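*Asks:* With the hints as your guide, set chains W, X, H and R onto chain D.
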Amino acid sequence: MPIKVEPVEVNIGPQHPSTHGVFRMVAKIDGERIVDVKMVVGYLHRSMEKLAEERTFTQNIPFTDRMDYLAAMSGNLGYCLSVEKLANIEVPERAQYLRVIFGELQRVASHCMATGAFINDCGAWQTPVMWCFRDRERVLDLFEMTCGARLTTNYMRIGGVAFDIPDEFLPALEKLVNDELPKAFEEYEELIVGNEIIMMRARDVGVVTPELAINASLSGPMLRSAGIAWDIRKADPYCVYDRMKFDIPVGYNGDAYDRMTIRIEEMKQSLRIIRQAVGDLPGGAHKTDVPLAIRPPAGEAYSRVESPKGELGFYVVSDGGPAPYRWHVRAPSLINLSVLREMTVGQTIADAIVTLGSIDINVGEVDR
Amino acid sequence: MPHPRTMLLSGEEVADRIRRSLPEAVQSANDAYVVLEPERMYEAMRVIRDDEQLDGKFLTQLCSVDMVTRIDMVYHFASLAQNHLFEVKVPCDHEHPVVASITPLWSGAWLQEREVYDLMGVHFEGHPSLTRIFLWDSFPGHPLRKDFMSLPGGQKPGLSQFPKQVSGQTGQEFRPKNPGTGQ
Amino acid sequence: MTTPLLALTLHLEDVLVVGAALFAIGLYVALSKRNAIGVLMGVELMLNAVNVTLLAFSRFIESEQPLDGQVFAVFVITVAAAEAAVALALAVAIYKHRETVNIDEIDLLRW
Amino acid sequence: MIADNGIVIAFWLLAATTIGCALMVAAVRELVQAVLFLALTFVGAAGMYIVLSADFVAVVQVLIYAGAVSVLMTFAVMLTPAADRRNSETVFQVPALILAGLVLAIVVFVTLDTDWAISDRGAFSATAASLGEAFLKPYVVPFEVASVLLMVAMIGAIVLTQEDEVPPRRQEGE
Amino acid sequence: MTLNALRLIPMRSLLDLITGYWWDLRDFSNLTRMIYKHLEDWGFPDWSIYVISGLIGTLGIIAFIGGVAVINIWVERRVVGRMQSRLGPNRLGPFGLLQPVADAIKLMQKEVLQPASAPGLIYTLAPIAFTVPGIAVFAVVPWGRHAVLASLDVGLLYILGMSSLAVLSVFMAGYSSNNKYSLFGAMRVIAMLVSYEIPIVAGLLGVVLFAGTMDLQGIVLFQEENWAFMVMLQPLAFLIYFFAISAELNRTPADIAEAESEIVGGYHTEYSGMKFGLFYAAELINAVSVSAIIATLFLGGWWAYKLDELVPGWMIFIGKVYGVYFLFVWTRGTLPRFRIDQLLAFAWKWLTPMAIINVVVVAAEVLAWEESGWSAGFWIPVFIAVNGALTGALIFGFVKFFAPKFQRFPTRPRFYPDIDVPSLPAVTGAEFMAKGGQA
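Protein chains in written order, with the numbering used here: chain D, 1 to 368; chain W, 1001 to 1183; chain X, 2001 to 2111; chain H, 3001 to 3174; chain R, 4001 to 4439.
Derived by calculation from the structure, the hints in this document are not laboratory data. There's no promise every hint is true.
[What the hints assert, rightly or not] A few chain H residues facing chain R, derived, Cβ under 8 Å:
id, residue
1, Val-3032
2, Phe-3056
3, Ala-3066
4, Gly-3067
5, Val-3071
6, Val-3145
Small disclaimer: the values here were computed from a predicted structure and weren't measured. Every residue, glycine too, gets a C-beta built ideally from N, C-alpha and C.
Just chain D, same shape as in the assembly:
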């Protein structure tokens, strides 16, 4: 007969070292084991969907920076694609290649952050996260070189990108892609992927079955770790992804370890894509002439991109005015959270932290 104990409620968050922002998880705990999890979000709610109804289409682009502030380029890209789809705007080739390059660089930066933070949640004393930050910094330096900002880039525009790349960009990018990052990924292999303590901590933790993954609308590495080869870049290619050769890394087990290795492999695939895009980069304009206060025809459009967190969708309704009538964001971070309870109940607190880290939420995107 097991000892009967009163379950204790423990607040993990909103102020906690490993909740990746102001996210709150109320765990009911029996000893070390979690019997129930409630999640509380909304501490970072900025009502972006309402604010966007007051601003012109172009003025809304900075909002997308501040949603997933670790992957601002992807947010920019998704939003611009949806408006272009609504207004039927052609984007020049060069802009499309640049979008692919920056989208993939952003994926590398975001996955670096996710991997490092995940290992920190596993309990490493800052070393992997510092290594990952070092590589993320290299990517952010390139962003700074191009658009002047590191985090909230505001780089994509409706009909292209804001600036053409400077002359010193391509040599720096080639050095990064061919030399620095591959070396860094080899270090990750040794420090992180082959680390047996991480295997012990992350294997069989936070398991998602493929059925549940589809039913719960998971996307991104969460979906792929469950064994489903699904990637918007392959399934619904935007920009020039249909010309790129790359593979979708897919896990076996749906656990936290799979998600981590998938992220690392995706970074390598991103480098592959960037090399191809740089090789094929055409000349020409980086932007079509689109009026700043663009008035798309009345109608609606849903477009989606594969952001580092998952499927980032933008549903835009226009009534023919200068501002969107309705602007809805399908936030992958929020929807990926819906299986948090499934994944954590029955595990220990330490596992729950690892699970939360492996989902890779971004509270700016969860709350919007």
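*Replies:* Relative to the frame of chain D, chains W, X, H and R by itself:
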């Protein structure tokens, strides 16, 4: 075999498949989307999920649009196995919007329906835990509605109508009473 | 040889009185506490008092094998450790079955 | 008789600490605090052992009592529900007090009344080696019995606390 | 004395110039002997000399430890900074050496907050009780051939007893903070102590069996006599002790008691100001004292083959202490944390059996040594070979047969050139939600 690129199913196609099992569930259909009868929507949604051709096992997203006279619920469904995407709309009353919850069918709808309830005020029947998600419980009104009074004194939102000064109002009315407790 | 400033002495009786005081406190704790673990604490106190006494005898009393007292003390510590382990296991087991460790509520003569 | 001022002062300080902490064990209301005071009592008693030139026993006392037994007790206290962590008394408080006082009086009387055969051998030098000799030569049978007792106690403790049906633990890692 | 004259004097006679005077700090006993002599001349009674010399030694040790606690903040941050490909503190003073001073000033300025419902005495005593054992351990550690404060016959047992006391103070801190995170930390410490005391003691038994004494000076002299560091004779005991003690020290990979990413700060969550500073310093002090124990037991302490005739023994000793301390910093900077059940399983299923096998083998070896009557020159190389082979075999065997079965799945993901989704049956969200969609 999946399509190499995502195919957008037209509303008529979807309506055809739904009509085979539920003749009166479809209100109308056009190129882009199909509009369902709110009363029969739960059965229709089950058809969408379990039908072999529609195969809408993946709820891509759901959201709501305030159309001033009514509120439209917008659902996007995808089939990952066949790689197609289609859109379904369910209209509901503007004053007392009530639709059936699809959380029993797609667990991914759970948080999104709570979000719609919070920001648009649509009531989902059959949702296991329909509470506010982003805003605190005592927040007055639902901000995504077009008639949401964001300002004291009945002022409509919008930069042009921003009031200079409202007498007798301090702007503190809508603050939570006890910050931190959510009350 | 001047007399030292301070000339304190320690006799066997002093140590034995301290041991007796410790024993009396332990006895009181063991007899009066409601909680089974509290009772166990009293028993441990009494065992410590016994050890103090044993070591005092070993130190002061005329004997051919003066270290026997210390040998005894080590045995007492060993047995006390075993006793503590079993008693705490008993307390936990009782708690599992009866959901209390208060000895005045453990009054059934069967489980 | 010990006639060294430093040692005598040390003994009385340690005795005061020990008895004071023992009284606190009886007096405090929180069981956890009682356990902590008990640990302090053990440490004080170990100090007294050193004064009585039993350094091996003193160190063993610290290691086993203060290190292990008090930790086990805290463990047991924390396993019981919070409502039972009161260090309260039963109805036997007054009789226990009287009985303890009587025992104290009798023992003190006997102590002071007896004519003890005091030796003037002085303090032992290092005792660990000679204790080891004693354990393995004259006291080898009790020593073995004690080890068997420890074994039995360990098995008994495991059996007593074993859960009847082991719940499936998915995350064993092993 | 000119430089030319210096060249003519051989090294040995140069050393003789200072040998025996109180300023010959190669051996602390020169200084203390002089102090004794003066005290006796001045007519102090015996016991006061005892007390005064004890005080001097204690003050020396506390001064050393205070310095170490300050310097180690800098050392640890710089070393870990290098490992993390960053610089570490480098602003204040040369190489950032004044950073610990700034840290200390900051901590002293901070308000010491105390939870209203905390039992004040226990709450206040806990950081002190946590610091004391780490310092007290140094009493029995030898600093040189004649420099040991308390040459305790049972020095090793004393160290073990002290280290187990530190854990109780961690429990005091966690319990009295009246915070759930702190209580979790405290309970984890208790569970860990119960498990890890056994491999620690059983691992050190091998060392004691070889040396034949529990006096730390005796163990050092044994290593000098036999011309071999104990780590060569007892590699398995060294590994067991290193891992087990890093668990007791609460350092990564076993810092589950203060697991920052899980339970915020564990037992010291509610501490602030200098009370927290004491915990912070005690963590470093305990690490250094454990390094000192390892250096003494396994690495020869102040003895280093012929080197200790030239260099003062205490310098060699401090060098070895910092060598071991670097090992601790290294593991801390590299490894993630175990989960608590894995950590306990590691103690019970790996370390304890290994330690017991080690004790049995060492007992047989010591018996063979004594009964055969052959010289140490024959036996020591044999033991080094046998124990090295035993260590390798045990670790290989345990990894082979008892390793966790996390290799069921490959460590690399599969690669798909195109989307590929299996046709899965639709699960119903109702079942998922029936377990309680929550608010």
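*Asks:* Any hints from earlier that this structure breaks? Give me their numbers in increasing order, please.
*Replies:* 6
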